[in-house]
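Peer 1: Taking the hints into account, I'd like the entire structure generated from these sequences.
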Amino acid sequence: MTVLVDERTRVVVQGITGHQGTVHTRQMKQFGTQVVAGVTPGKGGTEVEGVPVFDSVREAVQRTQANASCIFVPAPYAKDALLEAVDAGILLSVIVTEHIPFHDMLVMYHYSRSKGGRIIGPNCPGIAAPGKAKIGIIPNVVFHPGRVGVISRSGTLTYEIVNGIKEHGLGQSACIGLGGDPVVGTSFVDALPLFQADPETDVIVMVGEIGGTAEEEGAEYIRHHVTKPVVAYIAGRSAPPGKRMGHAGAIISRGRGTAETKLAALSAAGARVARFPYEIPDLVAEIVAKQAHR
Amino acid sequence: MTVLVDERTRVVVQGITGHQGTVHTRQMKQFGTQVVAGVTPGKGGTEVEGVPVFDSVREAVQRTQANASCIFVPAPYAKDALLEAVDAGILLSVIVTEHIPFHDMLVMYHYSRSKGGRIIGPNCPGIAAPGKAKIGIIPNVVFHPGRVGVISRSGTLTYEIVNGIKEHGLGQSACIGLGGDPVVGTSFVDALPLFQADPETDVIVMVGEIGGTAEEEGAEYIRHHVTKPVVAYIAGRSAPPGKRMGHAGAIISRGRGTAETKLAALSAAGARVARFPYEIPDLVAEIVAKQAHR
Amino acid sequence: MVKLAEWRGKDLFRKYGLPLPKGQVARTPEEAEALTRNGTVPLPCVIKAQVLSGGRGKGGAVKFANTPDEARVAAAAILGLEFKGEKVRELLLEEKLPIAKELYLSLTLDRSLRLPILIVSPQGGVEIESVDDSAIDKIPVHPFPGLASYEKRRAGQTLGLTGGPAKSLDRLLESLWTLFQREDAELVEINPLAVVGDGLVALDAKVIIEDDAGFRHPEWDDIQDDRTPLEEVAREKGIAFVQLDGNIGVIANGAGLTMATLDVLKEFGGEPGVFLDLGGTDDPKKVTEAFLLMAQAKPKAVFLNIFGGVTRCDTVATGLVEAMKQVPTAERFPLVARIRGNNEKEGVEILRAAGITSIPTLRESAQAVVAAAGGKA
Amino acid sequence: MVKLAEWRGKDLFRKYGLPLPKGQVARTPEEAEALTRNGTVPLPCVIKAQVLSGGRGKGGAVKFANTPDEARVAAAAILGLEFKGEKVRELLLEEKLPIAKELYLSLTLDRSLRLPILIVSPQGGVEIESVDDSAIDKIPVHPFPGLASYEKRRAGQTLGLTGGPAKSLDRLLESLWTLFQREDAELVEINPLAVVGDGLVALDAKVIIEDDAGFRHPEWDDIQDDRTPLEEVAREKGIAFVQLDGNIGVIANGAGLTMATLDVLKEFGGEPGVFLDLGGTDDPKKVTEAFLLMAQAKPKAVFLNIFGGVTRCDTVATGLVEAMKQVPTAERFPLVARIRGNNEKEGVEILRAAGITSIPTLRESAQAVVAAAGGKA
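Residue numbers (my numbering), protein chains in the order written: chain E, 1 to 294; chain G, 1 to 294; chain S, 1 to 377; chain U, 1 to 377.
Derived from the structure by calculation, the hints contain no laboratory data. A virtual CB, placed ideally from N, CA and C, is assigned to each residue, including glycine. Hints should not be assumed to be uniformly reliable.
Heads up, simulated BS3-like pairs for lysine-lysine below, C-alpha to C-alpha not over 25 angstroms straight-line [what the hints assert, rightly or not]:
hint, chain 1, residue 1, chain 2, residue 2
1, E, Lys43, E, Lys29
2, S, Lys58, G, Lys243
3, U, Lys300, U, Lys325
4, G, Lys243, S, Lys87
5, E, Lys243, U, Lys266
6, U, Lys345, G, Lys43
7, U, Lys345, E, Lys166
8, S, Lys237, G, Lys243
9, U, Lys87, U, Lys58
10, S, Lys206, S, Lys101
11, U, Lys285, U, Lys345
Pulled a few chain G residues facing chain U out of the computed Cβ check, cut under 7 angstroms [what the hints assert, rightly or not]:
hint, residue
12, Pro41
13, Asp80
14, Leu83
15, Glu84
16, Val107
17, Tyr111
Peer 2: Below you can see the structure in the form of structure tokens.
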């Protein structure tokens with residue numbers, strides 16, 4: 001396994017019969033992912049993109065040994081979908097759905113954790129390991145197998161950066177989009193150890209944004225536990241306080257969560273800090289070149 | 001460590017200023033236990049049996065590094081007491097209190113478990129490892145250090161049996177009283193592995209009673225995982241169905257939980273079954289004698 | 001453990017919005033007639049004895065009526081019946097509904113999982129113990145997230161419900177889950193749960209509440225239970241007391257020890273008649289009370305088996321001697337005592353001074369009491 | 001994120017049984033006078049502008065009155081004031097209470113712990129940001145067991161409460177916790193929470209509700225917020241739209257990319273005036289709508305920066321071209337586009353056909369738009 005997913009990952013898509021579910025099932029399969037089942041209550045017995053649809057996750061797991069879930073169901077039903085996945089024994093769930101109330105997410109997170117489960121997201125593009133598997137919606141075209149690990153709170157900005165890495169002639173070991181909500185199942189401190197431990201990752205790219213203290217906690221983790229080089233970028237340097245910048249989690253409230261404190265913390269922890277997204281591939285290439293020289 | 005407790009166990013007594021709390025604090029200390037703190041809200045700053053009393057478990061832990069709790073507080077407040085202990089980072093709690101509603105205990109159990117904690121009880125005499133430490137109310141006099149491990153759902157019957165073992169010239173490695181309620185934090189399947197893994201235990205005595213299927217599950221565990229000899233006794237062979245026999249958990253309901261099925265399961269799992277409590281020490285002595293011959 | 005009569009269970013159901021037939025309680029044949037005549041209970045109706053034991057249908061405790069007169073006659077026939085020792089004092093009259101299907105549904109505790117469990121079966125109207133496991137679905141419900149929608153869907157699937165009845169099930173389960181938690185229930189059972197028209201109706205209601213939660217339910221104080229009068233007195237005094245069929249009274253401390261004592265007596269041919277668990281006490285008055293209670297059960301002989309822990313032997317001996325003074329000579333019973341453990345010497349001495357010998361081994365003391373009761377040992 | 005005006009917050013508080021001063025809303029000076037004259041609001045009273053921004057006291061938006069006439073005069077002075085851009089249209093009149101002590105209390109989300117957190121300080125009545133950390137206690141609350149009694153005791157200890165006020169705190173916290181969860185609040189803040197006599201009273205109420213939970217709160221639909229009219233329109237269309245102080249409009253897809261685009265513009269001396277995050281869409285109509293919305297904000301230049309994923313480049317290009325047709329010539333703005341990713345070729349071609357050149361690099365495109373807006377790049 002690279003990071004969380006690999007060729008043995010067997011994905012069940014919850015909400016597969018919806019538009020997004022169907023489109024991304026196709027794309028996940030094109031990426032090479034084993035999408036083994038879909039779930040939409042009441043649509044059991046049908047097929048989507050050649051994938052059998054079941055009425056419940058429990059049934060899907062019994063019949064197909066699915067071991068990971070990708071959740072596309074609308075926000076009002078997302079909590080139930082996640083609980084269903086956890087109770088069916090699925091320990092990795094990627095929640096693409098946005099606008100899930102954080103009170104729901106608190107229950108989802110703590111319940112999942114009490115069962116040993118991991119959530120990626122919500123409101124996230126998911127996870128991909130080129131050449132292995134993808135759960136979520138990151139465009140396939142931006143990837144190329146390689147040794148750069150990417151952890152990001154963003155969606156399209158991540159695509160842009162991952163694509164930039166590819167256009168620099170480099171590739172990615174894995175990319176995790178953590179999601180833009182205030183409460184996410186996997187944060188930088190949870191994702192960093194995965195890449196630090198991954199023998200297929202040489203450099204870690206960390207893309208943060210304003211709001212909360214996840215980047216500061218990540219920096220603290222880097223300082224103490226990460227020996228691999230880290231390149232960091234923070235979006236939202238120019239954002240005003242008190243305004244929610246697109247992501248529910250991207251808000252400077254009561255003077256906390258500014259880009260400055262995040263950049264300072266990351267810099268102090270030894271990360272190379274990029275001022276512009278397009279600087280990231282340059283910095284990564286520089287580090288890779290140095291590593292090659294050693 | 002023998003089983004769960006040893007010389008490094010530092011006990012905080014919740015409800016120490018009550019009659020039971022005070023009496024048993026004295027007896028725990030006489031047993032050699034490090035009782036380092038007591039907690040009774042509003043009584044912080046006082047002392048009981050030479051033990052400092054605090055207003056909260058958090059304070060007690062901060063000041064005394066307590067790492068285990070003994071809970072004597074009345075049933076209506078027991079849930080809160082346990083939550084307080086768990087949130088203060090205490091991972092082993094012995095709940096002596098009886099008559100805790102099982103709906104409360106469900107919350108206590110699952111919350112504690114989600115934090116990696118273990119509960120012994122409720123409605124239990126606690127745990128003791130002679131020569132090391134005791135948390136709970138088992139009379140000190142019945143113990144003698146030795147190599148027999150005792151796991152029991154009963155209180156006084158356990159004392160009788162543990163005492164019988166002593167009077168046979170044998171001793172105990174540790175004794176756990178699981179408690180007589182329908183929902184207990186630690187059941188036979190949870191306690192058996194501790195004694196199986198304990199290098200200081202040679203023989204395991206298991207004292208069950210009617211109600212539930214904890215003994216059957218214990219038997220299943222013995223069959224697959226326990227290599228040490230087990231002597232078992234079940235109280236309640238003559239109890240009628242549908243009547244609660246003293247313990248909230250001791251009831252044969254809808255044909256389930258009879259002594260017969262339990263005895264049959266234990267016997268089939270290779271346990272030596274005693275028909276009378278006073279046969280247990282004989283059977284244990286017999287096994288110990290054989291072990292000595294080998 | 002307090003079993004509620006059907007009508008009390010249905011009152012709770014009503015409070016939580018569960019779907020019920022129209023109905024009312026009657027205590028006389030005339031009331032039954034009036035309720036049906038004035039339309040409070042639509043006709044035809046079913047008339048059910050309000051007793052706590054099961055199997056009423058077979059026992060003649062359930063009848064049907066098409067007219068007010070029939071209702072009166074049926075009520076008169078049921079009222080006053082003895083039903084498994086319980087006299088019928090109340091009747092529940094309910095409209096008779098056109099039942100399309102009978103289902104089974106209950107919420108109770110799974111002790112092994114330590115979780116509430118929702119049990120459903122499409123085969124309702126019969127005792128669940130008689131239904132094949134393959135026709136029963138058991139759905140654990142975790143109290144943290146509570147009853148999840150997917151669990152309700154699963155229950156609906158097992159019950160074979162779609163459309164209106166499935167929607168009705170959704171609401172019903174939500175209400176039942178709330179009731180189960182808020183009312184501190186041990187069991188809520190609907191058997192049968194009937195499909196009627198486009199919805200569901202709870203035809204029966206079995207509710208057992210957990211008396212340990214009584215401290216947050218003052219409203220339970222006046223609820224009748226199926227305890228005997230002596231058991232009721234014992235409960236109020238905090239003594240675990242169970243009346244059995246034999247003639248030897250057993251007083252011990254601790255549930256396990258008391259049960260083991262019963263077992264030993266039986267093994268030696270004795271017939272235990274009272275299980276009395278003193279529990280943990282160091283108050284001699286409570287011991288005295290326990291003995292006087294025992295005396296009221298009129299045992300042929302009494303066996304006192306104590307292993308002193310929290311309850312010290314001298315406390316028990318003191319309480320016992322006091323009790324013996326208070327029991328009238330005519331009502332005295334042979335007593336065999338065995339007291340061991342904490343303060344054993346002092347206790348044995350107190351008993352000896354009162355002329356009672358403590359026999360130290362369980363075997364011999366048990367044999368002695370069986371002999372005293374005229375048993376075979 | 002919907003901030004409630006104080007009086008709305010207090011209405012919620014009342015619903016959950018939180019202790020409040022007697023009070024009422026007035027919208028005219030005459031109403032203020034009448035409320036105090038007829039005793040609805042006891043005198044002396046405090047009159048507070050109902051605006052969403054903080055620091056009202058210093059801004060002259062809070063006055064006191066001892067007589068109905070004073071109330072009318074004070075109301076007239078406050079009504080119509082512009083307060084940080086917000087016109088005062090409503091006043092809250094409340095009895096003035098004898099305050100023994102002012103405390104601080106709030107419930108909000110701790111993102112790092114992923115838990116609700118109860119924040120208390122004995123130093124109330126001032127902004128919590130100005131209180132020293134040593135005088136603030138933060139108590140995490142787990143949603144599974146809910147707010148525990150020991151947590152309430154801890155809060156009471158930090159606040160230095162005993163007796164009546166401590167008991168009042170217990171009930172207040174229980175209610176506040178229920179409100180926080182049931183109303184899907186992001187923040188409930190009581191500052192100051194006053195000790196008055198033997199109890200507590202919430203003198204202020206700040207409630208922020210989470211609009212993502214709107215699907216279970218139809219009652220929120222008619223609540224006014226502090227969004228600008230354009231922001232409100234955008235919200236209804238599901239477009240993340242924030243008005244800023246500059247003159248360059250930015251349309252991008254995805255929050256991170258949009259923020260990064262703003263950052264780059266600023267770096268090159270530009271001043272972003274609108275943040276418009278298209279989000280994920282493959283409907284050209286939504287793109288058109290977003291552009292027309294942007295046009296209403298009257299930017300000096302617009303920068304379109306798209307990285308196609310779910311949102312394909314050709315979709316955006318189609319929507320953009322359609323929008324440009326609908327914007328009147330007089331209101332047109334210089335447009336710089338950069339479209340990359342999924343269906344990039346098709347999108348670039350569509351734009352080219354409409355006379356718009358897509359500049360592939362972020363650096364050059366950003367510089368171009370800053371120049372177009374007359375900035376320094």
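Peer 1: It remains to establish, for every hint, whether it holds in the given structure.
Peer 2: Hints, one by one, checked against the model:
no. : hint                 : in the structure
1   : E:Lys43 to E:Lys29   : holds (21 angstroms)
2   : S:Lys58 to G:Lys243  : holds (24 angstroms)
3   : U:Lys300 to U:Lys325 : holds (18 angstroms)
4   : G:Lys243 to S:Lys87  : holds (20 angstroms)
5   : E:Lys243 to U:Lys266 : holds (17 angstroms)
6   : U:Lys345 to G:Lys43  : violated (76 angstroms)
7   : U:Lys345 to E:Lys166 : holds (18 angstroms)
8   : S:Lys237 to G:Lys243 : holds (18 angstroms)
9   : U:Lys87 to U:Lys58   : holds (16 angstroms)
10  : S:Lys206 to S:Lys101 : holds (19 angstroms)
11  : U:Lys285 to U:Lys345 : holds (20 angstroms)
12  : Pro41                : holds (6 angstroms)
13  : Asp80                : holds (4 angstroms)
14  : Leu83                : holds (5 angstroms)
15  : Glu84                : holds (4 angstroms)
16  : Val107               : holds (5 angstroms)
17  : Tyr111               : holds (5 angstroms)
This entry does not satisfy hint 6, going by the numbered hints stated previously; all others are met.
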